[in-house]
Every structure is written in C-alpha cells, then in structure tokens.
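Participant: Using the sequences and the hints given, assemble the complete structure.
These protein sequence lines are chains A and B, in that order.
The letter at position 143 of the first sequence is residue 196 when you use my numbering, and the numbering goes up by one with no holes.
The letter at position 67 of the second sequence is residue 120 when you use my numbering, and the numbering goes up by one with no holes.
Just so you know, the hints here were simulated from the structure itself, not pulled from any lab data.
Just so you know, not all the hints are guaranteed correct.
One copy or any two copies: either way a pair holds, since identical chains are not told apart in the list.
[Unchecked claim] Straight-line alpha carbon distances no greater than 27 Å define the calculated DSSO-like cross-link-like pairs of lysine-lysine that follow: (1) 108 to 62; (2) 263 to 283; (3) 62 to 150; (4) 150 to 219; (5) 103 to 62; (6) 57 to 103; (7) 380 to 502; (8) 57 to 108; (9) 56 to 108; (10) 370 to 254.
If you want the building blocks of each chain, they are given just below.
Number of protein chains: 2
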Amino acid sequence: MEKKLEELKTRLLEIGDLNSAGAVLAWDQMTYMPPGGAPARGRQMASLAKLAQEKLIDPALGRLLDDLQPYAEGMPYDDDDASLIRVTRRDFERATKVPPEFLARFNAHSSEAYMVWAAARPANDFAKVLPYLEKTLDLSRELANYFPGYEHIADPLIDFADYGMKAASVRTLFADLRARQVPLVQAITSQEEADDSCIRKHFPEQEQLKFCEEVVRQIGYDFERGRIDKTHHPFTIAFAVGDVRITTRVQEEFLGECLFSNIHEAGHALYEQGCDPKYDGTPLQGGTSAGVHESQSRLWENVVGRSRGFWEFFFPKLQQVFPEQLKGVSLEAFHRAANKVERSLIRTDADEVTYNLHVMLRFEFELAMLEGSLAVRDLPAAWRERFKADLGIEPPDDKDGCMQDIHWYAGNIGGVFQGYTLGNVMGAQFFDAALQAHPGIPDEIRQGKFDTLHNWLKENIYRHGRKFTAPELVQNVTGGEVSIEPYIKYLRAKYGELYQL
Amino acid sequence: MEKKLEELKTRLLEIGDLNSAGAVLAWDQMTYMPPGGAPARGRQMASLAKLAQEKLIDPALGRLLDDLQPYAEGMPYDDDDASLIRVTRRDFERATKVPPEFLARFNAHSSEAYMVWAAARPANDFAKVLPYLEKTLDLSRELANYFPGYEHIADPLIDFADYGMKAASVRTLFADLRARQVPLVQAITSQEEADDSCIRKHFPEQEQLKFCEEVVRQIGYDFERGRIDKTHHPFTIAFAVGDVRITTRVQEEFLGECLFSNIHEAGHALYEQGCDPKYDGTPLQGGTSAGVHESQSRLWENVVGRSRGFWEFFFPKLQQVFPEQLKGVSLEAFHRAANKVERSLIRTDADEVTYNLHVMLRFEFELAMLEGSLAVRDLPAAWRERFKADLGIEPPDDKDGCMQDIHWYAGNIGGVFQGYTLGNVMGAQFFDAALQAHPGIPDEIRQGKFDTLHNWLKENIYRHGRKFTAPELVQNVTGGEVSIEPYIKYLRAKYGELYQL
Numbered sequence: 054m055e056k057k058l059e060e061l062k063t064r065l066l067e068i069g070d071l072n073s074a075g076a077v078l079a080w081d082q083m084t085y086m087p088p089g090g091a092p093a094r095g096r097q098m099a100s101l102a103k104l105a106q107e108k109l110i111d112p113a114l115g116r117l118l119d120d121l122q123p124y125a126e127g128m129p130y131d132d133d134d135a136s137l138i139r140v141t142r143r144d145f146e147r148a149t150k151v152p153p154e155f156l157a158r159f160n161a162h163s164s165e166a167y168m169v170w171a172a173a174r175p176a177n178d179f180a181k182v183l184p185y186l187e188k189t190l191d192l193s194r195e196l197a198n199y200f201p202g203y204e205h206i207a208d209p210l211i212d213f214a215d216y217g218m219k220a221a222s223v224r225t226l227f228a229d230l231r232a233r234q235v236p237l238v239q240a241i242t243s244q245e246e247a248d249d250s251c252i253r254k255h256f257p258e259q260e261q262l263k264f265c266e267e268v269v270r271q272i273g274y275d276f277e278r279g280r281i282d283k284t285h286h287p288f289t290i291a292f293a294v295g296d297v298r299i300t301t302r303v304q305e306e307f308l309g310e311c312l313f314s315n316i317h318e319a320g321h322a323l324y325e326q327g328c329d330p331k332y333d334g335t336p337l338q339g340g341t342s343a344g345v346h347e348s349q350s351r352l353w354e355n356v357v358g359r360s361r362g363f364w365e366f367f368f369p370k371l372q373q374v375f376p377e378q379l380k381g382v383s384l385e386a387f388h389r390a391a392n393k394v395e396r397s398l399i400r401t402d403a404d405e406v407t408y409n410l411h412v413m414l415r416f417e418f419e420l421a422m423l424e425g426s427l428a429v430r431d432l433p434a435a436w437r438e439r440f441k442a443d444l445g446i447e448p449p450d451d452k453d454g455c456m457q458d459i460h461w462y463a464g465n466i467g468g469v470f471q472g473y474t475l476g477n478v479m480g481a482q483f484f485d486a487a488l489q490a491h492p493g494i495p496d497e498i499r500q501g502k503f504d505t506l507h508n509w510l511k512e513n514i515y516r517h518g519r520k521f522t523a524p525e526l527v528q529n530v531t532g533g534e535v536s537i538e539p540y541i542k543y544l545r546a547k548y549g550e551l552y553q554l
Numbered sequence: 054m055e056k057k058l059e060e061l062k063t064r065l066l067e068i069g070d071l072n073s074a075g076a077v078l079a080w081d082q083m084t085y086m087p088p089g090g091a092p093a094r095g096r097q098m099a100s101l102a103k104l105a106q107e108k109l110i111d112p113a114l115g116r117l118l119d120d121l122q123p124y125a126e127g128m129p130y131d132d133d134d135a136s137l138i139r140v141t142r143r144d145f146e147r148a149t150k151v152p153p154e155f156l157a158r159f160n161a162h163s164s165e166a167y168m169v170w171a172a173a174r175p176a177n178d179f180a181k182v183l184p185y186l187e188k189t190l191d192l193s194r195e196l197a198n199y200f201p202g203y204e205h206i207a208d209p210l211i212d213f214a215d216y217g218m219k220a221a222s223v224r225t226l227f228a229d230l231r232a233r234q235v236p237l238v239q240a241i242t243s244q245e246e247a248d249d250s251c252i253r254k255h256f257p258e259q260e261q262l263k264f265c266e267e268v269v270r271q272i273g274y275d276f277e278r279g280r281i282d283k284t285h286h287p288f289t290i291a292f293a294v295g296d297v298r299i300t301t302r303v304q305e306e307f308l309g310e311c312l313f314s315n316i317h318e319a320g321h322a323l324y325e326q327g328c329d330p331k332y333d334g335t336p337l338q339g340g341t342s343a344g345v346h347e348s349q350s351r352l353w354e355n356v357v358g359r360s361r362g363f364w365e366f367f368f369p370k371l372q373q374v375f376p377e378q379l380k381g382v383s384l385e386a387f388h389r390a391a392n393k394v395e396r397s398l399i400r401t402d403a404d405e406v407t408y409n410l411h412v413m414l415r416f417e418f419e420l421a422m423l424e425g426s427l428a429v430r431d432l433p434a435a436w437r438e439r440f441k442a443d444l445g446i447e448p449p450d451d452k453d454g455c456m457q458d459i460h461w462y463a464g465n466i467g468g469v470f471q472g473y474t475l476g477n478v479m480g481a482q483f484f485d486a487a488l489q490a491h492p493g494i495p496d497e498i499r500q501g502k503f504d505t506l507h508n509w510l511k512e513n514i515y516r517h518g519r520k521f522t523a524p525e526l527v528q529n530v531t532g533g534e535v536s537i538e539p540y541i542k543y544l545r546a547k548y549g550e551l552y553q554l
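Facilitator: So, in structure tokens, the structure goes:
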C-alpha cells in the first residue's frame with residue numbers, strides 16, 4: 054500500500070508540475086510576452102494541458118485510486134493521505150466522465166462563440182450571439198448530463214467551481230439575501246449621492262504602485278514568495294505555495310482601482326500562500342472553491358480594506374504620499390468615498406452593496422435557462438425587467454446588459470456566477486467567527502496589525518488547501534451551514550452608520 | 054507515408070512544446086521569480102525535461118523514423134521533410150544510446166561536483182575538487198563510449214555541441230591559430246597599454262539600457278518578437294521563432310559591459326529570430342551548433358559592433374546620451390578603448406585578441422585529460438605553464454586559473470569549449486563571404502544600415518535553422534572548409550591599424 058501511495062504521489066506531482074508550468078506560461082503571456090510569441094504560446098499551453106489531462110485520466114491512476122480506497126477509508130477523514138485520495142478521486146471522476154470528443158467540440162464552440170461575442174458586443178447585436186448562446190446552453194446541458202443523478206441540472210456545473218453547493222440551497226439563500234438587500238440598496242440610493250471626488254483626482258502611477266505594495270505587505274502578502282506585475286486585468290496565480298503572484302492595473306484619475314484591486318488580489322494570494330507547504334504540487338494545494346477564494350479576496354478588500362479602522366492607520370500614510378491631492382480631506386470623507394454606493398450597469402464596477410444583486414440575477418437566469426423556463430431569446434427582456442426591479446435602473450442596451458460578461462460567451466451556462474456572492478456571504482461568516490475568537494481584531498486593524506486575523510484565517514482555512522469542501526469548512530469554522538446573517542448584520546452596521554439609516 | 058510523417062510531426066511538436074515550456078520556466082527563474090519559488094521550480098523544470106526525454110526516446114518514435122527512412126532518402130538532402138527526419142534521427146540516437154541509469158548517475162554527480170566547486174573556488178582549494186573532477190573525467194569517458202566507432206574519444210562529446218566537428222581537425226586548426234595569435238598578442242601587449250578611461254566613468258543605468266535598446270533595434274533585433282530583461286548573467290533564449298528574448302546586465306562604472314554584451318546577445322537572437330517560421334517548434338528550429346551560434350554573437354559584437362564604421366554612426370548618438378562623460382572624447386579614442394587588448398586571467402573578461410588563447414588551452418586540456426596524457430591532478434601546473442607561454446602572465450592561484458569556469462564542474466569534460474573559438478573563426482569566414490557578395494556593407498554600416506548584412510546572413514545561415522551542420526553551412530557559404538585565414542586577416546587588419554603594427 055505504501056508503494057501504491059508513493060506511485061500515486063509521483064503521478065500527481067507530475068500532473069501538478071504540468072499544470073504549474075501551464076500557469077507560468079499563462080502569467081508570462083499576460084505580463085511580458087512580446088506579441089510575436091502568441092501563436093506558439095497558445096500551442097504550448099494547449100500541449101501542456103493535453104498532457105496533464107492524459108495523465109489525469111490514465112486508467113492506471115483510476116486503478117491506483119481503487120486499490121487505495123480501503124486504505125483511505127480506514128483513516129480519519131482529515132488525514133492527509135485519505136484527503137489526497139478523496140480529492141484526487143473527485144478530480145479523476147470529473148475528468149474521466151466527460152468524453153474527450155465532447156470537450157473538443159465544446160472548446161471549438163467556445164472559441165467561436167467568444168469571437169462572435171467580442172465583435173457583437175460593441176455593436177450591441179444580441180441577435181448575432183443568440184444562436185451561439187443557444188448552442189452553449191445545449192452543450193452545458195450535455196455537460197451536466199455526463200454526471201447523472203443530480204437533483205438540479207445545474208448541480209454538476211456548480212460542482213466544478215463550488216463543490217458541494219446545490220442549486221436548490223443556493224437559490225433559497227439568494228432569494229433571502231435579495232429580499233433583504235434590495236430594500237437596503239433602495240434606502241441608500243434614495244439619499245444624496247456620496248461625494249467621492251477626493252479619490253477622483255490625478256494620482257501618479259508610480260506613487261500608487263508603491264503605496265499599494267506597502268499596504269499588501271503590511272496585511273501579510275509575502276514578497277519573498279510572490280510579486281506584483283501590471284496586466285490589463287488584475288488576477289492572482291499560484292505556481293507553488295512558495296510562488297503566488299498578483300497583478301494590478303492603475304487608473305491615474307481614480308485611486309480606488311489600483312488600491313482596492315490590490316487588496317482584493319492580495320486576499321486571494323494570502324489564501325494560496327497560506328496553504329500547508331507539504332501539499333505543494335499535489336491536488337490538495339490551492340483554494341477549495343471559487344466561493345471560498347472570493348470570501349478571502351472580499352474579506353480583505355471590503356470587510357478589512359474599506360473599514361474605517363483600516364484607514365485610521367493608512368490614511369495618514371496615504372496623505373503623505375499624495376499631500377496635494379488629499380490636503381484637507383478628512384478620514385470620514387475618504388472612508389465615505391471608498392464605500393460609495395450607486396446604482397450602476399456593470400457588475401465589475403459595482404460597489405459592495407449592489408454587487409450581489411448583479412450576481413444573483415445572473416445565477417437565477419442560469420438556472421432558468423438550464424431548466425428551460427427562460428428561452429435564450431427572451432434573456433435581454435428578462436434582464437432589463439429584473440435589473441429594474443433589483444437596482445432601480447434599466448439598462449439602455451444589451452451590450453451593458455446581458456452581453457457585458459465574458460463568462461457565458463466563452464464557457465458554459467451554469468455554475469459560473471454563484472461563487473462571487475457566496476464569497477461575500479462566507480467572508481462575513483469567517484470574519485464573524487474570527488471576531489468571536491479574537492474580539493481585539495478591530496483594535497489591531499486600527500493599529501495596522503493584521504497578524505491575529507491572518508493567523509486565524511491561516512489556521513482555520515488557508516492551511517487546509519483543498520482538504521475540506523466549502524460547506525465542510527463553514528461547518529468546521531462556524532459550527533453551522535452557510536448563512537447570510539453575519540453578512541446582513543455586517544452590511545447594516547457599516548452602511549447604517551455611513552448613511553445614517 | 055503521409056500519415057506517418059504527420060504522426061512524426063505531431064510527436065515532435067509535443068516534445069518541442071515541452072522543451073519551450075521548460076525554457077519559459079528557466080527564463081522566469083532568472084528574471085522575475087521570487088526566491089520562494091525556487092524549490093518547486095527546480096522540480097517543475099525537471100518534470101518537463103523528463104517528459105520531453107521520455108517522448109524523445111519512445112520506441113514508437115524510432116519505428117516511425119525507421120519507416121520514414123526510405124522516404125527521406127528519396128528526397129533531396131535539403132528537403133524540409135528529409136531534413137526533419139535526418140536531424141530527428143540524430144537527436145533520437147543521441148538520446149537513446151545513453152542509458153537513463155547513466156544519466157541519473159551523471160546528473161547526481163554533476164550537482165554534487167557543482168556544490169563542491171562553488172564552495173572550493175573562493176577558497177582556492179583545488180584539492181577539494183580534485184576527486185570530483187577525476188570522477189567527472191571517468192563519467193565523460195563513459196559517456197563518450199556509448200557512441201563507439203569514434204576516431205578520438207572527444208568526438209562524441211564535441212558532437213553534442215558542434216555536430217560534425219572532429220577533435221583531430223579542430224586540434225590542427227587551433228594549433229595553427231595559436232601559432233599566429235600568440236605573436237600578435239605579444240606584439241600588441243609589448244606596446245603601451247590602450248587608454249580606456251573614457252568608457253570607465255559613471256554611466257547611469259537607465260540611459261545605458263535605453264541606448265542599448267536603440268542599438269540592437271537598429272541592427273535588426275525585432276522587439277515585436279523579443280524583449281530585454283535584466284539578469285545576473287546575460288543570455289539569449291528562444292521560446293519560439295516569434296519569441297526570442299535577451300537579457301543584460303549593467304555596470305554603471307564601465308560602459309563596455311552592457312553595450313557589447315547586448316550586441317553579443319542580439320547576435321545570438323538575430324540567428325534565432327531569423328529561422329524560417331515553418332520550423333517553429335520542430336527539431337529544425339534554432340541554431341545548428343554552439344560554434345555557429347557564437348559566430349553570430351561574435352560577428353555582431355566584434356566584427357560589426359567594435360568596428361570603427363559602426364561608431365562613426367553611433368558615437369555621436371552616444372555622446373548625446375552622455376554629453377558630460379564623453380565631452381571631448383574623439384571617435385578614435387572611443388574606438389581604441391572599445392578594442393583595448395590586455396593580458397588578463399579571466400576568459401569571460403578577455404578581449405577579442407586574447408580570448409581564443411583562453412579557449413584553446415582549455416580545449417587542449419580537455420583532449421589531453423580524455424586521452425590520459427594529462428592527469429587531473431597535474432592540471433593546475435599545466436594550466437600555469439601553458440597560460441604563461443600563451444598569454445605571458447602566470448595565474449597567481451587556481452581559483453582564477455583552472456577553477457574559474459563552471460563548465461567542467463557542472464557537466465562533462467570534453468566538447469564544451471571549442472565552440473567559442475570556432476565561432477570567432479567561422480564568424481570571420483561568414484562576414485568575409487558577405488563582403489564578397491556585397492562589397493558595400495562597410496559603407497552601409499557607417500550609415501547605420503544593417504539590412505544587407507542581416508538579410509545575407511538570414512538567407513544563407515539563419516533561415517536554415519538546424520537543417521545543415523556547421524561544416525555543411527561553411528561549405529555552402531564559402532565553398533570550402535572551416536579556415537582561419539579570414540579571421541587572421543581580419544585581426545591583422547584591424548589591430549594592425551589600431552596598434553600600428
């Protein structure tokens with residue numbers, strides 16, 4: 054059994070190395086690759102992915118897992134080897150149940166659909182993408198049906214990103230959340246708009262980058278095991294527990310972009326850097342789900358990074374970096390600007406309060422389309438109607454309506470959006486649990502100290518990597534299920550004070 | 054046959070992609086990787102190399118090559134497919150003749166030897182490395198003996214880097230070259246030392262980098278298909294014909310370092326960028342030998358980049374960048390400084406005239422050690438004696454004597470040094486041939502025009518990639534064999550004028 058376990062680990066490390074190599078190539082493509090490298094790079098990345106996939110679906114790996122199953126079952130659930138076998142089996146089954154022929158067909162369609170969308174969106178031409186989106190829906194159903202036995206057809210697709218979450222329970226959770234967030238948004242947006250002019254001045258790039266570096270270092274991002282580079286869209290990527298990089302972008306006329314996206318990505322990165330190094334290169338390395346990953350980026354960006362206490366410490370430093378721009382600006386004015394709530398069209402630009410409404414309508418439409426209760430051709434009208442009901446404004450067109458996100462036009466319909474809101478919800482739960490364990494955390498944040506919070510998150514979440522599913526993590530940490538109460542409580546407290554509700 | 058050829062190409066592209074991915078990881082390791090990435094990176098690169106090797110020695114690849122042999126033999130020698138089959142067979146045999154068990158043993162020894170050397174060199178402790186070097190010699194002989202039928206035991210080792218060159222002919226060539234270079238060095242170094250103080254001032258890094266970028270762009274390095282980054286040691290690396298990167302370093306107190314190493318690396322890069330794109334990712338992509346590669350770096354660095362005509366164009370521009378530092382410096386003074394000849398201990402710092410003497414003594418010692426006519430323990434004394442005879446100075450210690458280069462301490466003995474001098478020799482031959490075809494080239498260089506030379510090199514050398522061996526290329530281009538005459542003629546003309554010999 055020892056020998057089989059060794060063989061399993063050797064095989065998995067090889068797959069991990071191929072995937073990590075692919076990640077390095079992807080990072081390079083986004084950061085430094087000259088334009089002439091593009092055609093070969095696409096081919097090289099595809100080759101690495103194909104080899105990793107071949108090694109993952111190798112029947113010999115399946116036999117090893119079968120042979121090791123009794124061994125794993127004889128060990129405690131959280132034993133490292135048992136967890137490795139359990140998580141690998143999940144990955145193996147996910148990879149082997151989908152025929153390569155289907156994958157090829159799906160990928161070919163996705164590439165085509167993406168090209169059509171990229172041209173049709175600026176032209177606001179939904180009719181152009183309609184047949185592609187209809188085919189995407191068919192293919193998404195076909196994909197789900199390779200995993201029979203589901204309660205809801207979206208469940209297998211949700212499993213890809215947020216393993217263990219179910220359409221039915223997420224739907225209930227979101228309905229509840231919507232019922233309580235829509236009135237909050239209405240209450241806030243019926244007031245006078247917050248003034249964010251103090252962060253909409255000219256802030257030179259180099260100073261912004263330098264300050265952001267200082268901030269993420271202070272919250273615990275380890276530059277010995279990471280670095281920051283500039284890209285068109287910010288992202289976090291891990292090549293190893295010892296090499297977790299973030300990227301950023303700068304708007305010189307808006308301080309919020311670089312600053313908060315850096316803290317957001319640093320949150321993702323703290324999660325990856327905090328994984329137990331003994332999982333390095335194995336299926337246990339990394340974040341356990343899209344939702345838990347987002348819980349960390351949003352926790353650090355919003356709950357910590359946009360809190361008043363955080364800026365009690367950092368605002369004087371920020372004023373030293375931008376003395377002209379921030380002369381006479383009060384901490385309160387800055388805090389209010391950093392938390393401005395407004396009804397807007399674009400999800401990725403949305404503030405903390407309205408953001409979930411953007412996400413939840415997409416999730417509902419994914420379910421409805423998969424169920425057949427919403428025809429793809431009726432999506433634009435449904436979008437406008439629901440958007441008005443939730444956010445109080447009507448999108449003037451489809452390009453900034455149902456065509457705004459790349460997701461459905463370059464992948465499947467189903468399972469791709471719920472993680473954003475689950476992240477907000479779980480982030481508040483985790484923070485709440487950390488506060489119960491360490492009530493001094495807010496005071497420490499006011500002094501620029503983040504160790505207690507960081508260590509608690511490492512101990513309870515980060516170090517486990519993919520060992521526990523998201524529902525298991527929530528259970529272990531809070532003793533209960535995913536719940537919106539801490540999140541609602543957090544929002545009401547913070548925005549109640551900001552907007553005197 | 055068509056189908057088999059297709060299968061061969063598919064397999065080769067996959068191997069090429071793994072190797073290119075490994076190169077990207079190596080580049081990243083040298084440029085941007087944070088320290089914490091090191092352990093995983095070593096493992097990832099080893100995994101990629103192992104997979105590429107496994108795919109290269111796959112018996113199915115050998116059967117394909119066997120099946121395709123009659124097809125290749127029915128085609129002209131320079132046919133693309135025939136050449137692909139021929140060059141692949143060479144790589145395949147090289148890879149399959151060496152048992153994996155030996156490779157593992159050799160690599161383990163090399164790692165250990167390198168560690169010992171890295172510690173022993175600063176301590177000037179040859180006794181420490183002696184047993185390792187003796188074992189390296191044994192292993193190098195064992196390696197050579199996997200390729201029986203050689204004339205000289207060094208021949209198989211020379212084939213690894215400079216395929217088609219033979220110890221006997223290189224030895225004759227070098228003996229001839231030495232006989233004519235030693236007196237030249239003596240004649241020059243018996244004169245008053247050239248004054249290079251004009252390039253030993255303070256030249257700020259950013260300005261140096263900007264100027265160097267301008268120079269390499271002007272000679273033809275394509276930034277759409279490449280980029281320059283900083284590393285500890287400069288190098289050139291290709292991930293594809295469309296992505297050939299160079300690296301550089303700067304000494305702020307010495308202008309020569311960044312400037313000429315940039316032109317040197319750009320020479321390597323022009324070769325790689327000039328390869329026919331249809332060979333991209335196949336065994337035909339890249340430079341055909343260490344010597345031909347070096348011929349291009351040295352041709353551009355020395356024959357072009359240190360020529361008077363080159364600086365007629367660039368020196369006024371350089372003066373604009375460094376007006377204070379170069380005020381009152383004449384073109385002649387600068388040209389002389391850039392071509393200062395001196396007796397020095399370290400090969401990598403040596404000037405154009407003395408450089409080959411450093412290389413040739415290493416080559417002779419490699420042969421002598423392999424033959425058994427020089428015991429490893431006698432190397433330090435032999436080094437001092439020969440160094441004094443050739444360069445007129447005696448190394449005061451071993452650390453800057455026979456312990457100065459990493460090569461023998463991290464690889465095999467034999468076949469690793471000849472390329473540097475063959476490069477100088479062939480570079481002069483190629484330049485001579487280009488001049489015969491286009492006598493206007495020197496005038497164009499004086500006007501900062503490099504197209505005629507660059508295009509001639511592309512047409513006659515670069516585009517062929519690995520299709521022709523070095524001796525074949527020389528034959529095709531010059532109608533004869535490798536010859537030192539153009540090189541000697543070049544040295545005499547240039548240094549005769551500089552030093553009024």
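Participant: When no copy is named, should residue 56 and residue 108 be tagged within, between, both, or neither for a Cα gap of at most 27 Å?
Facilitator: Both: 19 Å inside a copy, 25 Å across copies.
Participant: Is it within a copy, between copies, both, or neither that the alpha carbon of residue 57 lies no farther than 27 Å from that of residue 103?
Facilitator: both (25 Å within a copy, 21 Å between copies)
Participant: When no copy is named, should residue 380 and residue 502 be tagged within, between, both, or neither for a Cα gap of at most 27 Å?
Facilitator: within (26 Å within a copy, 54 Å between copies)
Participant: Is it within a copy, between copies, both, or neither that the alpha carbon of residue 263 lies no farther than 27 Å from that of residue 283?
Facilitator: This pair counts as both: shortest intra-copy Cα distance 13 Å, inter-copy 21 Å.
Participant: What label fits residue 57 with residue 108 when the C-alpha limit is 27 Å: within, between, both, or neither?
Facilitator: So residue 57 and residue 108 pass the 27 Å test inside a copy (16 Å) and across (24 Å) alike.
Participant: For residue 62 and residue 150, with the copy left unspecified, which applies at a CA distance of at most 27 Å: within, between, both, or neither?
Facilitator: within (22 Å within a copy, 30 Å between copies)
Participant: I want to check one pair: residue 108 and residue 62. Are their C-alpha atoms no more than 27 Å apart within a copy, between two copies, both, or neither?
Facilitator: both (13 Å within a copy, 21 Å between copies)
Participant: If the cutoff is 27 Å on CA atoms, where do residue 150 and residue 219 land: within, between, both or neither? Let me know, please.
Facilitator: Classified as within: same-chain Cα gap 20 Å, cross-chain 56 Å, threshold 27 Å.
Participant: How would you label the pair residue 103, residue 62 (within, between, both, or neither) given a Cα cut-off of 27 Å?
Facilitator: both (20 Å within a copy, 16 Å between copies)
Participant: From the Cα coordinates, with 27 Å as the cut-off, is the pair residue 370 and residue 254 best called within, between, both, or neither?
Facilitator: For residue 370 and residue 254, only the intra-copy Cα distance (17 Å) is at most 27 Å; the inter-copy one is 39 Å.
Comparing the model with each numbered hint stated earlier shows that all of them hold.
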